[in-house]
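J.: So the protein lines, in turn, are chains A and B.
Residue numbers for the first sequence follow this note's numbering, beginning at 1016 and rising by one.
Residue numbers for the second sequence follow this note's numbering, beginning at 58 and rising by one.
Hints in this document: simulated from the structure, not taken from any laboratory.
In this text the structure is predicted, and so the values were computed from the model without any measurement.
Glycine included, every Cβ here is placed at the ideal spot set by N, Cα and C.
Treat the hints loosely; a few may be bogus.
Here are the in silico distance ranges between beta carbons for each label pair [to be verified]:
hint: 1; chain 1: A; residue 1: I1025; chain 2: B; residue 2: D80; range: 55 to 61 Å
hint: 2; chain 1: B; residue 1: D80; chain 2: A; residue 2: K1468; range: 51 to 57 Å
hint: 3; chain 1: B; residue 1: A139; chain 2: A; residue 2: L1635; range: 35 to 41 Å
hint: 4; chain 1: B; residue 1: Q241; chain 2: A; residue 2: V1527; range: 52 to 58 Å
Keeping only pairs whose Cα atoms sit at most 20 Å apart, straight-line, the calculated SDA-like set for lysine to any residue is [said to hold, decoys possible]:
hint: 5; chain 1: B; residue 1: K124; chain 2: A; residue 2: F1273
hint: 6; chain 1: B; residue 1: K167; chain 2: A; residue 2: V1223
hint: 7; chain 1: B; residue 1: K167; chain 2: A; residue 2: V1301
hint: 8; chain 1: B; residue 1: K124; chain 2: A; residue 2: F1391
hint: 9; chain 1: A; residue 1: K1468; chain 2: A; residue 2: A1354
hint: 10; chain 1: B; residue 1: K167; chain 2: A; residue 2: A1356
hint: 11; chain 1: A; residue 1: K1468; chain 2: A; residue 2: I1520
hint: 12; chain 1: A; residue 1: K1019; chain 2: B; residue 2: W116
hint: 13; chain 1: A; residue 1: K1053; chain 2: A; residue 2: I1043
hint: 14; chain 1: B; residue 1: K167; chain 2: B; residue 2: H211
hint: 15; chain 1: A; residue 1: K1468; chain 2: A; residue 2: F1403
hint: 16; chain 1: A; residue 1: K1468; chain 2: B; residue 2: W116
hint: 17; chain 1: B; residue 1: K167; chain 2: A; residue 2: A1354
hint: 18; chain 1: A; residue 1: K1019; chain 2: A; residue 2: F1273
hint: 19; chain 1: A; residue 1: K1228; chain 2: A; residue 2: V1568
hint: 20; chain 1: B; residue 1: K167; chain 2: A; residue 2: T1360
hint: 21; chain 1: A; residue 1: K1228; chain 2: A; residue 2: A1151
hint: 22; chain 1: A; residue 1: K1019; chain 2: A; residue 2: G1274
hint: 23; chain 1: A; residue 1: K1228; chain 2: A; residue 2: P1603
hint: 24; chain 1: B; residue 1: K124; chain 2: A; residue 2: R1390
hint: 25; chain 1: B; residue 1: K167; chain 2: A; residue 2: A1151
hint: 26; chain 1: A; residue 1: K1468; chain 2: A; residue 2: V1532
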Amino acid sequence: MFGKLSWSAIPLDQPIPLITSVVLILTILGVLGLVTAKGWWPYLWREWITSVDHKRIGIMYCLLGSVMLIRGFADAIMMRSQQALAINAPGYLPPEHYNQIFSAHGTIMIFFAAMPLVIGLMNFVTPLQLGVRDVAFPTLNSVSFWLTASGALLVNVSLFIGEFARTGWLPYPPLSEATYSPGVGVDYYLWAVQISGVGTLMTGINFVTTVLKMRCPGMTYLRMPMFCWTVLAASLLIVAVFPILTATLAMLSLDRYFGFHYFTNTAGGNPMMFVNLIWAWGHPEVYILVLPAFGIFSEIFSTFSGKPLFGYRSMVAATLFICIVAMMVWLHHFFTMGAGAAVNTAFGISTSIIAVGTGVKIYNWIFTMYGGRVRFSVPMLWSLGFIFTFVIGGMTGVLLAVPPADFLVHNSMFLVAHFHNVIVGGVVFGLFAGIDYWFPKAFGFRLHEGWGKAAFWFALVGFWVTFAPLYILGLQGMTRRLQHVNIEEWRPLLDLSLVGVGILIVGAVCQVVMLVVSILRRDELRDVTGDPWDGRSLEWATPSPAPFFNFAVMPNVQGEEAYWDIKLRAVESQQLSPEPRYEPIEMPVNSPVGFYTAFFATVTGFALIWQIWWLAGLGLAAAFAGFVVFAWRDVHEFHVPAEEVARVDRARRSAREALLERLGQQGAAT
Amino acid sequence: MARRAAVGLAAAGLGGCARGVLDPVGPVGADDSAIFFDALMVMLVIVIPTILLAFWMAWRYRASNPKAEYLPNWSYSGRIEAVVWSIPILTIMFIGGIIWIGSYRLDPFKPLPSKSPPLEVQVVALDWKWLFIYPQQGIATVNQLVVPAGTPVHFSITSASVFNVFFVPRLGSMIYAMPGMVSQLNLQADRPALLFGQSAQFSGDGFSDMQFQVRSVAPAEFQAWAQAARGAGPMLDPAAYAQLMRQSQRVSPVTYGGVDPQLFQAVATQAIGPGPGPQPENPSHSGREVSTGGRR
Ligand code: HEM
Ligand SMILES: [Cu+2]
């Protein structure tokens, strides 16, 4: 009846997961109770859960990503403290638990923290920057989000029911085959990633279509803000490589569930094939994460230098170049598998060629500051911290791309330091910068500056104190994923790294405090103009928070910096453009189909993990039924009456007039 | 140093001291780390000025600096663009040269030049220990590798279960041990030394102790050791090998006085099937029963 599921799946004998789960469940119950007691359910259901507004979905993505970032960080704290404690000692986490933690850490950070945050900002910003009212497929967008949330939920369920994979974030066979990992851990991994992967693929399709097809009048390709270009490049990569991930994991599932032999030891299976395929997805994946971050930095460098981006066209070229070459380098993750010298040479060189595109970008950002008026606001601090950190991460990446050098440090702590160097220094710093930058557009008030700066400095210092020792440990021969350490000499650096984690914790606390303080003091921090940073692209033409239809009338773009041009014209003529004729707007109606599908996807995933076949069948059928009902619906859109549009836009215009007056006075003063 | 090494050894209970890949004791490690340094230097020449330039630019053009001119529309310069593309391209051409030459020169499969013929060692990665077979000497060891200093060693490496990586940091290049496949690696220790070897690819619960002692000794001493080992102690017969294939952790070094000369072949071609994986009835099996997913 219940497949493999039995009471022994609950970790009653293991205090750490047990206590964590109990606390977690109580917290969730508490939140649900509060929502019920306050009667917030109708609001949540109407305004968020069933919303197909790209801004709402973007915010929910960011919320999911932030919560998962904290979960992943908790794993990281456990790993670093275990290694510091387990030097010639067992530490407090036995292997079967420690191995789940590092596997969960990697999986959560990549799939459920970094991806949702990146996709969240993509969602929030892209339509605004393109001057349109929504993405190409709004309901599909909601389905994407809820499927991602479903995957995240499954990973967290594994904490309480059963176990998670103990194979690393990329489950290499044969270790991940049923013979060597008979438990449900790998199955949790497989279904969590598969379900969210479908969501991500649909996001990719959605955003390729949005950027290619949904630009406002005058927004030609070469007038798009840099962020939109990077969104396009990342989405193209998603469309190109997520099917590989899905297929590869499907093959592993067939091996595990039905005794196929794609990657098994025996009967002609080839585990190396898995390694090739997973990296054919895995390397492009890191660029899916970092390209949008590059886009964020481009926006920030230009805005906070008060200048257009330097070498816009060469930035576009570098982005597309990286997008293409990213798919031709995957073998650098296993130079040490003994492919011949010719193969290693080819992939070594193609890998280092990517660094050319990245290098060009770095110089273009630097020259964007040239002749500028650089304001060191929080987003700009993250961006400068990024240049410093990322350049070093890129450098160690190039060292790893030299096969004989990689022969010494592959899979070592040096490698761990490299990819955290680029992912934390590149992606995470970029996300924090982006969140600080676009927060006012989402919520109508800025984040507190002092706490933001504190968070930045603790993160920067904490990052280096944590990871610089790992570079050295790698050179001392320490390999990754050790549950305990047999070599006393590594103690000082492991301790130092733990100190770094302590600093990072302070940084994380600062972020939380920043959020709380900002909410409490939101009236002081209110952004009344809609243009808090003296921005240059169209999102700053809207009020903060942006109305659900984004633009009362479609903007008409005249140059490379859409909003900057409008603003200049207004300041020169000391008046806004004449009031347009307002017309009713058609907007997509809300839809519960995303939530509904994800609910049954979760049920199906859980059933497949525990091999409860009837439930899996039921879940699939129900999810499919949802699609059918959705496909037959008659009402797709509703009208926003012209008076309502006019009301919202007149408020915006009066705020702009006040801004204009202020700018005019400033202009007169200087 | 010897004292430190001895202390380290006592502490580790395993042998070898922790000094790493940049302190090689053989030609392969020396070449690898030389290449590492060459590439590092090339990169630093460009990375350090870049970082300084970034900070200088940000500081010079800070909004509060009245001396810096403001060029609100300046966003293109063909000359700077040319430089901006050339610098990374030139750097990468240098690095590309290093990659090309290095990959060929340090191909792990390539025999090392030497007057003495190489010592053959066959390596089998097991759950979770290393088996070393000396076909020329007719002996085998577990978690202990003895090699003659100054003589190249030719390793043939496979796995009897999951992926592992054979890695002796101070000897140089690592390489994967994969089931059903044989990788080759040529290394040499230049002088007598006590080194530490490990698996550099996570392979399951016992991975952290999947480490071994490497003793590089004078050739005569090696001969004496091999001679003494031969015929003494346990034999690596099929029963003993079947026992080895079962999962076990923290395995102390063992020397076998005799071994089937076809054993490695049989493992690599999977004539002998792969290791059984976790067996709940195995006393060294750790972890919760739920790890078998209710399958008993
Ligand atoms: C600037 C150019 C870069 C180069 C030349 C480079 C090179 C490499 C190489 C050669 C490896 C494999 C090393 C090994 O396994 O021994 C590697 C690993 C990795 N890199 Fe990079 N990298 C670069 C940028 C990035 C960026 C931008 C990201 C992410 C945003 C990234 C994320 C990773 C990750 C996640 C791994 C290892 C994953 C694992 O083994 O679990 N790298 N990099
Ligand atoms: Cu890669």
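J.: Against the 20 Å threshold, does the CA-CA distance of K167 of chain B and V1223 of chain A hold or violate the hint?
T.: Distance ~47 Å between K167 of chain B and V1223 of chain A Cα, so the pair is violated.
J.: Between K167 of chain B and A1151 of chain A, does the CA-CA distance stay at or below 20 Å?
T.: Measuring from Cα to Cα gives roughly 55 Å; hence the hint is violated.
J.: For the pair supplied as a hint, K167 of chain B and A1354 of chain A, confirm whether the alpha-carbon distance does not exceed 20 Å.
T.: Holds. K167 of chain B to A1354 of chain A sits at ~12 Å (cutoff 20 Å).
J.: Given the hinted pair K124 of chain B and F1273 of chain A, is their alpha-carbon gap at most 20 Å?
T.: Between K124 of chain B and F1273 of chain A the Cα gap is close to 73 Å, so the pair fails against 20 Å, i.e. violated.
J.: Between K1468 of chain A and I1520 of chain A, is the straight-line Cα distance small enough, at 20 Å or below?
T.: holds (15 Å)
J.: Has the given pair, K1468 of chain A with V1532 of chain A, been kept, meaning a C-alpha gap of at most 20 Å?
T.: The hint holds at about 14 Å.
J.: Given the hint that K1228 of chain A pairs with A1151 of chain A, does the C-alpha gap stay at or below 20 Å?
T.: At roughly 8 Å apart (the allowed maximum being 20 Å), A1151 of chain A and K1228 of chain A satisfy the hint.
J.: Does the alpha-carbon distance linking K1468 of chain A and A1354 of chain A stay inside the 20 Å limit?
T.: violated (48 Å)
J.: Mind checking the alpha carbons of K1019 of chain A and G1274 of chain A for me, to see if they're no more than 20 Å apart?
T.: holds (17 Å)
J.: For K1053 of chain A and I1043 of chain A, compute the direct alpha-carbon distance and say whether it is at most 20 Å.
T.: This hinted pair holds, its Cα atoms lying about 15 Å apart.
J.: Just to be sure I understand the hint, the distance between the Cβ atoms of I1025 of chain A and D80 of chain B should be within 55 to 61 Å; is that true here?
T.: Given range 55 to 61 Å: violated, Cβ gap about 49 Å.
J.: Would you check the hint for K1228 of chain A and V1568 of chain A, treating anything up to 20 Å between C-alpha atoms as holding?
T.: holds (18 Å)
The structure does not agree with the numbered hints 1, 2, 3, 5, 6, 7, 9, 12, 25 stated previously, though it agrees with the rest.
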